[in-house]
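The hints should help you fit chains X and L onto chain C, whose structure is shown.
Protein chains in written order, with this note's numbering: chain C, 58 to 433; chain X, 33 to 430; chain L, 71 to 222.
Some hints could be false.
[As the list claims (entries may be wrong)] Below, computed lysine-lysine pairings styled on DSS-like, alpha-carbon distance capped at 30 Å:
no., chain 1, residue 1, chain 2, residue 2
1, C, K324, X, K231
2, C, K139, X, K178
3, X, K178, C, K346
4, C, K346, X, K231
5, C, K339, X, K178
6, C, K343, X, K224
7, X, K235, C, K343
8, X, K219, C, K343
9, X, K135, C, K226
10, C, K346, X, K390
11, C, K139, C, K252
12, X, K70, L, K78
13, X, K231, C, K361
14, X, K256, C, K343
[What the hints assert, rightly or not] Interface residues of chain L toward chain C, partial, derived using beta-carbon atoms under 10 Å:
no., residue
15, I96
16, N118
17, I142
18, P179
19, A182
Just so you know, these hints were derived from the structure itself, not from any lab.
Fair warning: this is a prediction, and the values are worked out from it, not measured in the lab.
Here a beta-carbon is modelled for each residue, glycine too, at the ideal position from N, C-alpha and C.
So you can see what is in the structure, the chains are spelled out below.
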Amino acid sequence: MSTVPIGPIHPVLKEPLRIKLVLDGEKPVDAEIEMGYVHRGIEKIMEGKHCHKGIHLAERVCGICSYIHTMTFAECIEHISKIEIPDKARYLRVITCELERIHSHLIASAVYNLSIEHETLAMWLLNVREIVMDLMEMISGNRINMSYNVIGGVRRDINREMMDEIYKKLDEFEEEIKNIIEVFETGPLIALRSKDIGILPYHEVMRTRAVGPVCRASGLPESDWRLRHATYQELDFKPVWRTEGDNFARMMVRHEEVLESVRLIRKALEYYEECSGDIRVKAEIKGGKGVWKNEAHRGEVTYKMEITDGGIIKRIMIRTPTVMNLEAYKYMLKTCPTVADAVSTYTSIDPCISCTERSIYIVKDGKEIPVGVKHP
Amino acid sequence: MASSLWYLYEFARRKWIKRFINAKSDKSSYIPPERYRKVPPIVKYPERCISCEGCKESCPAFAVEMIYSEEFQKNIPLIDEGSCIACANCVEMCPTGVLEIDKHRIETEGLFFDKPKYNNLLIDDEVCVHCGNCERACPINVIERKEGRYVINMSQCISCKECINACPIEDAIIVVDEKTLKEKIEKAFEIKTKKIMGKLEVKEVIKEVPHIVDSICLTCGLCKDVCVGEIDLNKKVIVNCVKCGFCIDVCPTTAIRTHKEIVPKRKDICYMVDEDMCIGCRICQKVCGSGAIKISKETKLPYIIPDLCVRGGACARECPVGAIKIVKPEEAEKAVKVRIIEDKIIETIEKDLISFTKKYGKVKEEIEKLSIKKLKEELRKKVYEENKRIMKKKRELQ
Amino acid sequence: MIKELFRKRSIHVCVVNTGGCNGCDIEIVSCLSPRYDIEQYGIYVHNNPREADVLLITGPVTLQWAERLKEIYEKTPEPKVVVAVGACALSGGIFKEGHVIGGVHKVIPVDAKIPGCPPRPSEIIETILKVAPKAIAMREKLIKEKMEKNEV
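With the rest of the complex left out, here is chain C:
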């Protein structure tokens, strides 16, 4: 028995995290995950701030899935104070959200391909991803951290030229991504490294409470919160799922979700064309408590909020999917024959560490110290 530390800085990890792998010969037996490097205290900073300042903080919970955080934040407040946003804004939100989902899934896939030493496919994926990044920049004005949402709608409208551009670029994108998926599906080397590795069976999904694509790859389609979202119901959303539960299935679920997202964007654009009116309503925020859930790119994200009249945040709790998926990682290790597979399995759950760390207490020398907030 020996331990191999991975991280906090490691070529495969995008973010600081320490994994201590317990090895029996070549085979990993157990993993200990050490977090706490990215703790910034976002929930604590948000207390006492106006929600239009808080929405920019919510955006920076995670850089990859920044849009879905603002969307959930805004929808939670709209749910509490019973604001109905215009149809145009609803479809624009879905379009931007799905574009970001594509970009997130593609980067997850690229990182996975890098971790199984398949650099070519990773480069193809990164190149295709640039098309989506261009679309996002065109719609909102920034590639990442778009600040596109406000409470009561979205910031800016799109015009006819932009819509044509989106249709054109989507056609181009779909053609290329289909090729790449075919290469991934039929590639013999990829199959060797990813099929039957890191299996998470159906009954263990229930035990670990894994969410998102990890859960859907093991045969639980109803875990997708888009099924319960009004706009997605209108767009006739169908969840993607598989039953194998291995690394290959997880990546294929992501790839197929990309295609589903492309379909959703096209449909939302069609619906958007028929709408007329403003993109933002006059929103008077009323106080209260509320919970709102949405399907982020890695699983369900929950916002629990308490706000006052006029929109000052009193208390906020954010629950992000990666913690549950990291818990599931320990079960996947049972079917990892080597250390290299352990690393690729880790990337296959698409962890996002900056999402997970927002606890209020820091443990130092065995004592729990409540962390006060300092002011500039």
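Leaving out everything else, chains X and L in the frame of chain C:
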């Protein structure tokens, strides 16, 4: 080996090589699109700036500072490149459209934006004298008179603090900043956890039951969280109080209180009615919110009591002939002294008179009552005697 | 093997995330994509501080990272360039009030700063290209000096 050959074949079959060459020569990627938000926003029209500090208030990253500019003779925002996160809050906050970030301002002009601020301003209705100075001072007209009291529209206020400068009373417009809110939330959380754990020591700290001032209540519910008794926030009343004083400690706006006095900011000047010019219309008395103007009994003209006056200036503004003037407080007191003494004398005389008349009436009644009795008795006696005399005469005649 | 041979003399970049939101890291990953293709300029991105010439630091330095960042800085061989990427690394950005030290310059000396939240990949490449050759030149100089000493 075979598999790598397969990948090579795939690579050639899909015309990837051509696409890769195209991707590298794709120059459009280096030119940002029209909507790209540059960092930081540009101060495009500095001559329009009113130095309201709205941009500074709305910035979530504390990137804006107001620096005095010699060229324009006023404070102009300077945005720190290192802190700016390109969120465009300042652009939408600016009431005169000074700032610009690509084409954001032009595209979002006229759309509703709930303006976020570091300092929130609220008018305390308990000490407000309704002088209307704040409404006049507001540069963007967000203070309105609703049902006889002035209210700041919280979603549109830019927190420039012009109203605080114009207000004659101290602490009549309350400033709630994020820092105090955060501290109070923290404090309330601590007390709440203690309360749930059953470790809270409840002592009687305050003497009387506090009340909630409706106009400055944020309905944050912190008082309800820490209250040992019962608070109804919908009706804004304290139902059941044990006088522990926790709610007063945690209220961020001091909306829960027992007592607050009206303290004027300035005591070095005072208003005085010029009696030679006054026409006696009594508009000033109706306008005054602090009850400092009274009508003299002697001359039937108004005069201002310096002790009650808050120096709001509403009377001087509303006077149709300009008879109310600013003087030194000693002068005003001297002039008003006579009127006050006169009024007092007249009042005392009137009081005395009333009491005298009341007493006189009583005496009269008594006299009347007494006299009627005597008359009746006398009458009875006379009648009796007369009867007697008649009886005597009858007997003599018989 | 061929890759390793050519990468030996290229500019080695180590990315350190000191608690940011991931946005800047993704933009650095996008630099690898064929469109921007950071490797055509002879820049090799990897995460080993012991071989690095350029340290790309993203994120506000969280309290837990302060000591470790110093360690990483000391581990890096001497002709080194520190580039702070993004608003958080420059001044703490939006997290100024949080549990962060705020700004890389408070912990280690910084040579170049890239503003933006996050900056575009082309800006990142431009900065590295401007700053790194200096470091490379210094390294060559050191090697030459050593060679001369050996010869003497």
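Verification of the hints:
Distance hint between C:K324 and X:K231 is unfulfilled; the C-alpha atoms sit about 58 Å from each other, more than 30 Å. Our distance criterion of 30 Å between C-alpha atoms is met by C:K139 and X:K178, whose separation comes to about 25 Å. Proposed proximity of X:K178 and C:K346 is supported: the alpha carbons are some 29 Å apart, at most 30 Å. Between C:K346 and X:K231, the direct Cα distance comes to roughly 27 Å. Compliance with the 30 Å bound is thereby established for this hinted pair.
A C-alpha spacing of about 20 Å is found between C:K339 and X:K178, which places the hinted pair at or below 30 Å, so the restraint holds. Restraint check: the Cα-Cα separation between C:K343 and X:K224 comes to about 23 Å, which is no more than 30 Å; the hinted pair holds. Between X:K235 and C:K343 the CA atoms are separated by roughly 35 Å; this puts the pair beyond 30 Å, and the hint is violated. Taking the CA atoms of X:K219 and C:K343, the gap is near 24 Å; set against the 30 Å cutoff, the hint holds.
Distance hint between X:K135 and C:K226 is fulfilled; the C-alpha atoms sit about 23 Å from each other, no more than 30 Å. Of the pairs offered as hints, the one joining C:K346 and X:K390 is violated, with about 66 Å between alpha carbons and a cut-off of 30 Å exceeded. Our distance criterion of 30 Å between C-alpha atoms is broken by C:K139 and C:K252, whose separation comes to about 48 Å. As the CA atoms of X:K70 and L:K78 are separated by approximately 37 Å, the hinted pair breaks the 30 Å bound.
Between X:K231 and C:K361, the direct Cα distance comes to roughly 27 Å. Compliance with the 30 Å bound is thereby established for this hinted pair. Distance restraint check for X:K256 and C:K343: the Cα-Cα separation of roughly 17 Å lies within the 30 Å cut-off, and the hinted pair is therefore satisfied. Given the 10 Å rule on beta carbons, the hint for L:I96 holds: about 6 Å separates it from the nearest Cβ of chain C. With its C-beta approaching chain C no nearer than about 7 Å, L:N118 sits inside the 10 Å limit, and its interface hint holds.
Look at L:I142: its Cβ gets to within about 7 Å of chain C, closer than 10 Å, so that hint holds up. Interface hint at L:P179: violated, since its Cβ lies 20 Å from the closest Cβ of chain C, which is beyond the 10 Å cut-off. For L:A182, the interface hint is violated, the least distance from its beta-carbon to any beta-carbon of chain C being 20 Å, above 10 Å.
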